[in-house]
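Model the full structure from these sequences, guided by the hints.
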Amino acid sequence: MSDQGIKSRPSYQPIAPDPAGRHHLMVVDGAEVPPEALAEGVTPSAFEVWTVARRSAVPGVPMMEEAAGAVRTFRSTPHLFSALEERLARETMGLRFYAVGPEPFLWDAYGIGERAGLSRQEMGFAHVGPKARRIFCVHCREVMEKVTTSIVTCTGCGAALFVRDHFSRRLAAFMGVQIDAEVPGEVPAAEELYR
Amino acid sequence: MTAGEPLHVRVREIEELAPSLKRFSFEPAHGGQFPTPPAGGHVMLTLRDGARVMKNAYSLVTPPTERTRYDIIVRLVAQSRGGSSFLHRSVVPGDVLEMANPISLFSLAATARKHLLVGGGIGITPLLSFLPELKARGARFELHQLATGEEAPVFERLLAPYAAAEEIRVHSGGRAAFDLAGLLARQPLGTHLYVCGPHSLMDAVTGTAAGLGWPKGKIHKESFGGDVSGLPFRAVLKKSGIEVEVGETQSLLEAIEAAGVAAPCLCRGGACGECATPVIEGEADHRDDFLSAEEKASGKLIMTCVSRARGPRLVLDL
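For the protein sequence lines, the chains are A and B, in the order given. Every position in the first sequence, counted from 1, becomes a number in this note's numbering once 49 is added. Every position in the second sequence, counted from 1, becomes a number in this note's numbering once 24 is added.
In short, the hints are calculated from the structure, not lab data. Fair warning: there could be bad hints in the mix.
[Unchecked claim] Residues on chain B that point at chain A, a partial pick, calculated with CB under 7 Å:
no., residue
1, Ala133
2, Ala134
3, Arg137
4, Arg210
5, Gln211
6, Leu213
7, Thr215
8, Leu236
9, Trp238
10, Gly241
11, Gly323
Note that CB positions come from ideal geometry on N, CA and C, so glycine has one too.
Here you go:
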């Protein structure tokens with residue numbers, strides 16, 4: 050049940066800066082770059098790093114340094130993402146963009162990168178942290194965060210949803226499909242799979 | 025081996041644009057309309073000069089929406105291997121020629137947020153068919169055309185219909201005066217680069233772009249094949265059981281075709297990979313843009329349309 054053999058399920062690799070890139074910007078859903086997010090021998094100093102502190106006391110940035118080794122801290126992920134949109138809108142060709150964190154964060158970052166014109170070839174992703182999934186109910190379009198079980202009750206329409214490995218990059222979510230559509234009420238016990 | 029039945033086209037008009045540039049306008053020989061060509065597409069003309077048969081590829085310069093005529097612009101080169109010279113000197117209005125259906129190996133990226141077009145000399149031709157398409161899409165673009173001083177007014181005139189309120193520039197001050205690195209460094213994310221022109225220009229543009237961090241997937245080039253001439257050699261076609269002599273100014277593909285062997289081909293410019301042929305013996309002098317550096321080094325395949333032998337003999341699995 051943990052590997053459903055579905056090809057759209059993303060796979061991830063530790064990050065190394067693309068040697069062809071001119072500048073490397075990394076966004077991290079956390080206060081620091083987790084060592085396991087980086088390939089062997091790679092240090093955070095190869096990147097301009099943006100982190101999320103999840104607290105109000107973050108250092109001010111009177112002069113924003115846009116160089117390898119610089120670190121900029123944000124209060125929250127929406128705070129980081131909004132600055133990211135502005136930054137990418139004025140960036141030029143040659144940038145490489147990397148994201149480190151749980152899957153919903155990675156694919157929200159991917160969406161911002163893609164809308165700014167970055168191709169998959171210009172982005173890199175490392176999945177660290179919780180394995181909990183963002184689930185999209187294919188029946189009512191409700192989106193549920195932090196789902197850890199194989200079956201979840203939709204908060205939108207109440208359906209018992211099977212959590213598939215089928216992943217949508219556009220929605221940055223896994224698909225949830227009603228499990229008792231054939232035999233109403235026949236719902237197996239949910240297993241805790243995604244922690 | 026080009027898709028579909030060839031078209032029969034009649035020369036309806038020949039216009040001299042410059043001493044070495046002529047525009048040929050073709051119409052369907054049997055009436056009706058041409059197929060809708062792809063933007064950036066090219067056609068292959070079969071030219072019969074006595075017993076000699078030449079097949080040359082030319083970019084269409086008419087918009088993809090134009091189906092009553094196909095136009096090409098042909099440069100007469102001093103070292104013409106026959107095709108362009110034949111078109112310039114022997115073809116007259118009313119002549120009927122054989123033309124393969126248009127295909128494109130140089131298409132506009134649908135996801136691009138901006139298109140940067142760079143042309144050198146006659147490399148302007150596929151860009152001319154991009155412009156109406158980009159205008160129709162309302163796409164953001166920028167075009168830079170390099171030209172000699174005497175040809176700059178010709179290219180300016182060809183670009184004029186699209187120039188209003190657009191970033192279109194003709195540079196006649198030579199390559200050194202053209203700030204290529206500055207141009208490539210200031211492009212926004214999501215820009216796709218298209219370059220067509222002499223090999224030296226394409227190498228400079230693609231090399232500079234790669235050095236500035238442009239990913240391969242956003243760099244597109246249209247090759248005209250460049251120089252296919254070299255020392256003569258003998259090609260042994262193992263399957264066909266024959267041997268052909270490849271002359272100094274003849275391509276390997278032309279020599280194979282002259283011997284009556286139907287070899288695969290599509291672009292005839294080293295770009296598409298259709299003519300890839302296994303090499304059994306001998307070393308290839310690779311001149312194509314299709315094989316990777318590793319594939320070229322392994323020596324297992326040769327693109328017969330542009331590449332030659334590095335030595336007196338080449339044995340092919342053909």
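Hints and how they fare:
At about 9 Å, the closest approach between the beta carbon of Ala133 of chain B and any beta carbon in chain A exceeds 7 Å, and the interface hint on this residue is violated. Because the smallest distance between the Cβ of Ala134 of chain B and any Cβ of chain A comes to about 12 Å, over 7 Å, the interface hint for this residue is violated. Hint on Arg137 of chain B holds. Least Cβ distance to chain A is approximately 4 Å, under the 7 Å limit. This hint holds: Arg210 of chain B has a C-beta 6 Å from the nearest C-beta of chain A, less than the 7 Å allowed.
Interface restraint check for Gln211 of chain B: the shortest CB-CB distance to chain A comes to about 5 Å, inside 7 Å, so the restraint holds. Taking 7 Å as the C-beta contact cut-off toward chain A, the hint placing Leu213 of chain B at the interface holds, the least distance being around 4 Å. For Thr215 of chain B, the shortest C-beta to C-beta distance to chain A is roughly 6 Å, which falls under 7 Å, so the interface hint holds. A hinted interface residue such as Leu236 of chain B counts as satisfied when its beta carbon comes closer than 7 Å to some beta carbon of chain A; here the least separation is about 5 Å, so the hint holds.
Below 7 Å, beta-carbon pairs count as interface contacts, and Trp238 of chain B has one with chain A at about 5 Å; its hint therefore holds. Because the smallest distance between the Cβ of Gly241 of chain B and any Cβ of chain A comes to about 5 Å, under 7 Å, the interface hint for this residue holds. Taken as an interface hint, Gly323 of chain B does not check out: its beta carbon lies about 27 Å from the nearest beta carbon of chain A, beyond 7 Å.
Hint compliance for this structure: hints 1, 2 and 11 are broken, all remaining hints hold.
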